[in-house]
Structure formats: C-alpha cells, structure tokens
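Residue numbers (my numbering), protein chains in the order written: chain A, 39 to 321; chain B, 36 to 191; chain C, 11 to 767.
Calculated from the structure, these hints are not laboratory results.
Possibly wrong hints are sitting among the right ones.
If you want the footprint, here are the derived chain C segments under chain B, 3+ residues with CB under 8 Å [stated by the list, open to error]: (1) 444-451; (2) 640-650.
The calculated DSSO-like cross-link candidates involving lysine-lysine, where the alpha carbons are at most 30 Å apart (straight line), are [stated by the list, open to error]: (3) K95(A) x K195(A); (4) K238(C) x K87(A); (5) K169(C) x K82(A); (6) K226(C) x K163(C); (7) K238(C) x K585(C); (8) K169(C) x K602(C).
Fair warning: this is a prediction, and the values are worked out from it, not measured in the lab.
All C-beta atoms, glycine included, are put in the ideal place defined by N, C-alpha and C.
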Amino acid sequence: MRSFVPDYELVVAARLNDALDMLAEGWRPIAGGTDLMVLFNAGKLPYRKLVSIRRVKELSSIEESETEISIGAAVTYTHIRQHPVLRQEFPLLCSAASWTGSIANQNRGTLGGNIINASPAADSSPVLLVYDAELELISLRGTRRIPYCDFHLGYKKMQIRDDELLRSIHLPRKTENRRSYIRKVGPRQAQAISKVCFAATARLRGSAIDEVRIAAGSVAPVPLRCHATESVLRGQSISPDLIETAANAIAAEVQPITDIRSTRDYRRAVTANLLKQFLQTLA
Amino acid sequence: MAECSVSFTVNGRIQSVTVPPMKRLLDVLREDLNLTGTKEGCGEGECGACAVLLNDELVNSCLVPVRDASGARICTIEGVPAAGQLHRLQQAFIEAGAAQCGICTPGMIMAGLQLLSRCPHPTLEEIREGLSGNLCRCTGYMRIFEAIQNVAQSSE
Amino acid sequence: MYSKSMEPRIVGTAVPRKEAAAKVTGTAQYVDDVSLPGMLHGVTVRSGHPRALIRHIHFGDGIPWHEFTIVTARDIPGRNIVTLIFDDQPFLADGEINHPEEPVLLLAHENKDMVRRARQHVFIDYDPLPAIFDIDEALQAKTIIWGEDNVFKRYCIEKGDVDAVWSQADFIVEGEYSTEAQEQLYIEPQGMLATWDPETGITVRGSMQCPFYVQKALMPLFNLPAEKVRVIQQETGGAFGGKEEYPSMIAGHAALLAWKSGRPVKMIYDREEDMAATTKRHPSRTRHRTAVSRDGRLLAMDIEFIIDGGAYATLSSVVLSRGTIHAAGPYRCDNIRVRSTAVATNTPPHGAFRGFGAPQSLFAIERHMNKVARTLGLTPEEFRRRNFLRQGDSTATGQLIKQPLDLARLQQRALQLAGYADKLERFSRLNREGTRKKGIGFSTFMHGAGFTGSGERHLQSVVHLEARADGTVCVLSSMTEMGQGTNTILAQIAAEALGTSYEQVQVLRPDTAQVPNSGPTVASRTAMVIGRLVQSAALSLKEKLLQAALLQPGYTPEQFQSACREYICSIGPLKTSAQYEEPPGVHWDDEKYRGEAYGAFSWAVHVAEVTVDTVTGEIQLDDFVALQEVGRVLNPVLARGQIEGGVAQAIGYALYEKVVWRDGGMANNQMTNYIMPTAMDLPPIRVYFEEIPYEHGAMGAKGIGELPMDGPAPAILNAVENALGISFCHIPLLPEDVLSELSVAREAALDLAGSVV
Ligand SMILES: Cc1cc2nc3c(=O)[nH]c(=O)nc-3n(C[C@H](O)[C@H](O)[C@H](O)COP(=O)(O)OP(=O)(O)OC[C@H]3O[C@@H](n4cnc5c(N)ncnc54)[C@H](O)[C@@H]3O)c2cc1C
Ligand code: FES
Ligand code: FES
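So that you can see chain A by itself, here it is in the shape it has in the complex:
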C-alpha cells in the first residue's frame, strides 16, 4: 500500500538554523531516508511535512578533539567506515557500519537516523552504548547533552522533543587497553535486520575484569546496556563458573520477544552464547 504522494511536502534545508526553524513549526527531519522512505513507500509514514537535513554542513562532519570524537548526526555509514581515527579507535562502530544494509544503504543512511529511528534492532546502538556515547541535541532554544544510555525510554520513546534535532554523537577517547568484541546475528550475511547484535568491551587488571561494558540489540524494547550482567563480572577473574553465572545473568536480563524474524528463546540463548564467546576471548 503506497502513500498518496501529493499529500507530502519536502524542503531541503541549507543551514542548521533553517532546519531548526522548520522543526519549531512542526516539520519533521529526514536524513538519508533509508528508514523514512521505506515507511513512506509502505503508506505508513505518520507525518506530512519533511525537511531534509542532508545538506546541513554542521551535521555531516566528523570532528576530533583531545578528549572526544564528535560525529555529526547526518554522517553516513560510508563516511564512518572510511574515517581513519574511527577505524583506529572505534573499530566496533566501523564494523557495525560495515554490516548495516548494503553499500547503497550505507551511502545514504546516517548514524543520527539510526539512533532516532530507535529500532531495538539498530546495529549502531549497542556499540554506542559500550563506547559511552553522549548525544547533543539542538533546537532554537539551545543545546543539551545527554548520555546515550539514558536516551531510550521505551519502545520508540526517546528523550528528544519535537523541535529538537540530534546534532552530534560524542565518543570519549579513552579506549586504549580495552578488549572489544562485536557480533551481529542476522538471517543472512548482508541486508539483514539483526536477530541479536551484541557489543562488549572490557579492561583487565591482571586476570581480573577491571572494567566491562555489555550491550545488545533486538533483545528488549530498547537497545539494552546490560548493567546487571556487568556487575556480576566486575572485579572477578574469568573462570568457567563465572562465565556460566554471567551467561545466566544476561539470559535473565534481556527481555526478547517472538516476532516474524525470530523467537524469544533463540534471541535469549544466542545473547548468552555470545557473551560466553566474548568472555572466553578474555580468558
């Protein structure tokens, strides 16, 4: 079922302020359109007035400072994959970008769109959670920053107001000595919506886990940072028992559902198995 095309409006904003003005008047942003246009083509797009933010310069660059990397919300996956600093310091993000859709989708799709589309299966979300990302939101009223782990409130519910734009995603640069792990489990090797996507980082002191971050997608109404499982692991030394305990903890912490793409049991079992696989790499 298609939308009635003449009912919809679209303008292309050249500058950030133009976009913010329009948002304040009730227009909705469109970036790469790889989520929005699918809804539109299926006749399921709930809004009629769209402002394209693809050409806003402030949103499409990647900036480096001593303490953080800031990725504009409209930066594409292709751009992320090719960026030398991201490849060096945030390889999990580049991996996630590399298996988002296909080349054509990566040329259009943006990190900001992935976050605001707020699919629980979004591939960048677990990565941003384990990298402790912060989001910068902007409106005519000003800007504010919120930790990404507080951003999702419920299924497709977020801490963003209608007049706000996601401006950029900040990643703190303190990633050295961390071991990291990422895996996407989807129905096929490309063009796949994740059944489970899993990311984790850890730092060891001696044989003990000094610092650990675990996140998973497609296993709860929101991208899930697995705090309870992390606390089971923190300060402990890797052992078969610990791995088993942690696997049980994460199986209890996730709340997956059965849908047309996979089953609850499968998602739960795979998340636990991936955690084990990660922990075994630390041993």
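Since the structure of chain A is already known, use the hints to place chains B and C with the ligands on it.
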C-alpha cells in the same frame, strides 16, 4: 499539494521536472524522463534493481525523494555506454553470461561500477560485499562475480 | 538427427545470449516499461479473510468514485472462471471468499497515486466461515472447503507387492519429512497491460511463461474466439514457474478493466502484493517406510506424499503427479507403493515452481536414504551404490531405463571432485574441539524432462521456421524467454541444423497472433522437446533449398543466406514447420500411473560442505559441487548459469526462505523479511557436466532447468547431520531450529551422564 520544480543533471544532460517533492527519484526517472532502464523490484531498499549513481555514489532511487536530488549529478544505466560503445563492464556481463532475465542487471551494473571505482582490483570478498545489496534470483551471482573479475583483471 | 560424426559449430559453444545487449543497456522492454496514450492504472481489492461470505461492498467518502472504472464479478461478460484444469477458481469472488488474497473488485484510474489511495477506501463486510490452514486440518475434514473431502487429487503407484515384503525384511526403517512453501521471488513483479477494441478484441501484453494459457483463460471470460484474444509476451524478469498460471488471473483483471473503460489499463503488482497474492511452492509432508535386507538391498518402499494446494485446484494435480513419480528417487526396487494426495486449505493457491513437486519428494527420499544407510551400518555412498538404477532396470512407474546410466560412477566422480573422503576424515577430527562444526553431505537424484506421461502427446506442439527476404531465418514458437536462455538455444539449434550462422537466426517474441502453439514454457521441455522440433523444421527448410538446387552440400553460411534470398525471390515464401511426434516405444497408462513417465531423465549428484556455528546455530555453506548428466550441453555458459541459479534458489529453500503464515496469509511479504540469499550467502558453486547425448532430444539435449532445484536441500541437511550428528527432517532449516535441537541434545547428554553416575 504544491508541486515543485527540480533540476539535476542526468547522464550528462540538465533536466528539469515539476513534480510533488516526495515523488521517488525512481518514478521521476521512469515516468517523467522515460528512463525505464532503472527497475523497481521491491520499493523498500532491499533489492537494488533501482540503483543509480547520485554524485558518484550508489543509491537506491526508490528511497530518494526527488527534491533531495536537486542539483545532483545522476547516472543511470542509460548513461553507462560511452560514445555509443558498451562499457567494458557491460561487455563483460555479456561474455560471462551475467545477465539472465536481466531485471537485476541495470542495478547490478551500477553497483559494479561503484565497486570498481572505489576499488579497481577487488578481491572476491570485496566483490561479494559490493554486490550484496543487489538481489539476483536467476544467476546465483557466480557469473556476475566472474564478469567483475574479468574487468578488474583486464585493467591490470 | 544428431550424429556424432557431424562436427558442431554452434551447438555446444558459448555464443552470447540473444537479448544480452538489450539487457545490459537497460533497453529491454519489460511490461512496466511500456506505456500507452490514455492509459489507466489498475489495482485489485482483495478479501483479507481466509473464508467468508461477502455481505456488502461499500465505497468510502472523499474519493471521486465517478472518475474510476470499477469491475466486480457482476460485470463479467463471459464465464467467471480461470480456465486451467478444474474449473474452480473465479477471476473475481462472487459471494464467497476462500483465501485472504482473493480478488473481489478491480479499480482503474489514470492517476496511479489516486487508484492506490482509493483501494484503501473500499470496505467489504463479511460473514466469516470456519477456515483450515494445514494438511492435517484438511485431511481431518471436519470443515469441508473443497469438493467432498478437501482432496484435489489422489494418485497411487504400485509396483510389485509391498505388503508381501515386510515380514521378510531384516530392517524396516521409517521416517517423516516435510517442506514449507517457497516464494519464487522473481525480481520483476507480475504485470499486464491490456487494451480493448470492439473490432479486434482484447490484447494483453505482459510478464508470462505461457501465452496460450493466458489466451485460453481469456476466451471464455469474454466469450471471444481465439483470434480476438491476442497475448504478447514482454521481456520477462524471471518466472521460475511463478508466471505459469498466475498471469491468466492478472491478465483477466487488466482486460476486464480495459474492456469496461475502453482504455488501455496497466496493472503492476508491487512486491508486497506479489508475494502475498501469487502462487508459491506447495508445502509437503512425506512418510517413508522402507524394507531392506542385511546386505543393504532395498526390498520395499512404501511412500505417502501429501501436498497442500491452497484454496483452488490450479496446477496441484500436476505438481502432485511429478512429486509422486520422483518420490522413490533414482533407486532400483521391485516393490514400491507411492500414495499421494493434494489437499485444499484456505491459503492462496500454491502453484508451479521450478521442480514442480520433485524437490519436495526428493528431499524426503534423499534424507531417508541416509537414515536407512545409518540403520544398516553402511556409508550413505555405499548403500546408494548397491541400489542405484542402472540401464535395463525399471523405475517406480515401470519405465525401462534404456539409456546408458552409471550413477555409481557419477557419485564417485562427484565425491572425488568435492574431496569427500578426505574431508570426512578431517572434519571428524576437527569437530572434537571448538564451536564451529564442519560437515559434508550429498544427494543423488534425477529429474524427468518434458510433460509427464501422455502430456506431450496431448499438447501436439508445433513450431515454424521462416526465412526472411534478407536471408535470415526466424524461429516461431510460443516458448518464452524468461532468463533461462530460450532465444539463444533455439537459435543455436536452428543455426546448427540449417548450416547458417547464429547471428542470422532470429527468435520471435511469442505473440499468439504470430506464433504457433508449442505448448507452455515449463517442465524443462524447451531444449529437449521444442528444440527437437526446431531441429526438424530446420532440416526440412534446408531440404527445400537443397531440392530446389539452390544449395550444394558443403555450403557456407553466406551461401545459405543467398539461397534463402533466391528461394523467396524466385519460388516464394520459405516456411517449414514441425509437430511433436512421440518417440517410439512410449506407453503411459493414466489410470494405473504406469509406463514411460518421461522421455528422458537427467541425473545428478550434489555435494555440500557446511560449517555450523554452535554459538548461533547459523549454517554456512563452504563449498558446493554439482555434477550432472543432462545429455548434450547446448551452451556451456547458459547451462552453467542454469545450474548455479537453481542451486542458489535451492540453498534458499533449504536454509533461508520461510513463509510466515497468519490466518492463511503471508505475514512476511516483504523482501526484508522473506530472506533470499545475497551475494554474501553463497558458497562457490562448482558445476560439472557429463554428456551422454540423448537420441530423441535436440542435438542430444535433455532437460536442465529444474534439475538443480532438487538436490541441494537434502545434500545440505545430510551435511548438517554429518557435522552435528543431529538429523533434521524439515526445511527450511533455520538457526532457531538448530540451536534448539542442540540444547535438547546437550540436555540429553547431561541426563545420560547423570544416569550413569
Ligand atoms: C535495505 C535496508 C537495510 C537496512 N539494514 C540495516 C541494518 O543492517 N542495520 C540497521 O541498524 N539499520 C538498517 N537499516 C535501517 C536504516 O538504514 C538505518 O536505521 C539508518 O541509519 C537510518 O538513517 P537515515 O539517515 O536513512 O534515517 P531517515 O530515514 O532519514 O530517518 C530515520 C528517523 O530518524 C529521524 N532523524 C533522522 N536524522 C535526525 C536528526 N539528526 N535529528 C532528529 N531526528 C532525525 C527521522 O525523522 C526519522 O524519524 C536498513 C534499511 C534498509 C532500507
Ligand atoms: S526497488 Fe529500490 S531497492 Fe528494490
Ligand atoms: S538475472 Fe534475473 S534477477 Fe538477476
């Protein structure tokens, strides 16, 4: 609601159309510009039959609102032959038997061009990745890989 | 006839496909690429209910309905039945609904957006009726939705006396195997463009396999004679059986709208509608009961094969027939019974799909043979070797194998090409550790080419050859090109037989006003059956030139062309035709289902190598070897392409493609959610041929198109069994199934460990 006027360069020629701004680039190419070589296989960004190059980047034209392409440089399958001669990738498709029913072929060739421009000597893995957004139900992809490999080799 | 002494120049070489240039430049004209002045766009309003009575149709507010052409069952000028085998399916529902995608009403408008919007404003009230959705419910017959017992068709093949054997058997092995629906997923959705003219009648052009099926269906719909129903094939973007019978439906709809509006009407399905509403492969369930002797001989095979045909009979009886005949596989056994049934359910009708019933029943036998071998303590290859059909043996229907056949050698060669023995040994060592388990497995099978039994005799296919004034020759047949290479191989055969060049032969696009009826483009019959007719028509054309003394033996292609020109100039039109003649010694009994089921079988061995990740249950294919004996290979590149494409489609069938049903409708009718393999999901597919020319096929060719669909699924599941030691009997085999079986196996192992202590 209001239509808008959009101009861009298609296969080297400046074109202007007056259409609803959210009309898909795919439909504008096919209906308004009569460039029917670009195909629709799904309308959901999944099959790549509608792929074109937009400012040298591979995109699925079913996901591009036409107004978003204003001012852009667009290349469709009709623009691939140069000076009336088939592009060597097109020639390679013919020789390797890479086109069967042919419905995926225009998109597949656009994806192949993007791949070869980013990576003139791709490995098999890179070829597989470069074409992974273009579904082909006829060939099992093997002849298509071969066509791309043949072009890459001949340019050594 | 093809003789070995004749040195082929064109047949057997990789000439480029006829339409290749049009396809790589995007100039090939598929139906959606054609527009006519004043054209309207048509859409279908569907039921949305699995089974119901229509109470009332009403039209919502806010739509300028007077601008629309609207067609319901009441408007139909002729018979409201899609003519095929049984007369049960209406073009438009008339009072009663039997599946959720049943067409109820048609709309057309010149604005595509408008007509799509309007579709959402037609409201239909229903009185729901109880519905049934699977084989078991259909057989229980508590709710009857078709005929007296929900059964479209039954067959029984009996050879020897199965029941006399059970008591003498050393082992009796039973197994149950099942397969799900599969969507053809041609990348070009279905579409038709119809025009109506009071003088000339209906013309439809579109994406299709069988122009004369469409014509036959439209004639009674409009009460028009054949000359007033013209059907033209457009370039067809994949079909795989999916455009065998369904095009009659959409052509009828477009034609009704054109007839009522007096304007050209184009109907193109979008992907969602195409996936939901058009036919799919029949789901199936097969039960085997097999008697074997201790020394590994098959004594008796008792097979029950059931397919789910959906709401209307369409082609289910024929699909069932092919599945039934292939159910015993390529094995020699004196006592065979195959009982088969096609049942009705309230889903859209299932239909033709590459393989046509054989992939289902061959999946079962090829999994089951491994089970029997295991029971006997034999390797799967040794058990098969002891039981392969050989020249002089007879098949389940009693068909004598007249051609040379050495499946043991074929099997041995395929296993060698795959490095089977080494890998078996290496994998069993590797699999002791780690989470990634490797396995290798294979299947051995056959596929009958051409229509079953007396089918070809009933069809009486005709082809014409016609020389043009410029000395080129045109092939006229109703065989459609849909990617499989019809145009190319028919031109090759004609050129070879005529002694002209490939470039000088044209193949006319099928148009019922211009080509003779050569039957439908299905059943792997194009090369073997129709190619043969092209060959004979070509020989008679050549003969005419020789007799007119315009040619001398040993002529060149150039001389051939000038001879044609001269003939046409001085004598007149140069046209020949050929009609099907049954090869000698073919007998088929439709009642008992005994005799020569097919003119010839093609034979194959497929070997699959897999890695199963026990962390996620994902199965990755690492290597695939497909070795087949298909008679003469007419064009090595095209033939290879057929095998690779078929294997890829069958890999999808085995591991990825699942139709999720909800109340009789497809719930995952998007390409995002119905998963076909991408370029990243396939192993290298290594294709090898053995060539044993078949004397009654064109230049020695047999069928090739469907064969590769049959073998991969059982080969892959046999490989998975080798990797994990778990026997899966259902496809698609998804990671969800693997992981859940692995955890069952793990728990069982723990229980066992516990009970030992
Ligand atoms: C074929 C295909 C395959 C895909 N595969 C994957 C996959 O593997 N993994 C995955 O995670 N996703 C996948 N996606 C989904 C999609 O590509 C991503 O979510 C992408 O990142 C969306 O970005 P976009 O710029 O295209 O978003 P858009 O469609 O433009 O926008 C998405 C939403 O975000 C809002 N928005 C966009 N930018 C901003 C902003 N700066 N501030 C506020 N709101 C904003 C929009 O209003 C809209 O609600 C796939 C999509 C397709 C079509
Ligand atoms: S039609 Fe655009 S990706 Fe399929
Ligand atoms: S050639 Fe038919 S889909 Fe690719």
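Now for the hints, and whether the structure bears them out:
| no. | hint | verdict |
| --- | --- | --- |
| 1 | 444-451 | violated (count 0) |
| 2 | 640-650 | holds (count 3) |
| 3 | K95(A) x K195(A) | 28 Å, holds |
| 4 | K238(C) x K87(A) | 50 Å, violated |
| 5 | K169(C) x K82(A) | 58 Å, violated |
| 6 | K226(C) x K163(C) | 23 Å, holds |
| 7 | K238(C) x K585(C) | 25 Å, holds |
| 8 | K169(C) x K602(C) | 10 Å, holds |
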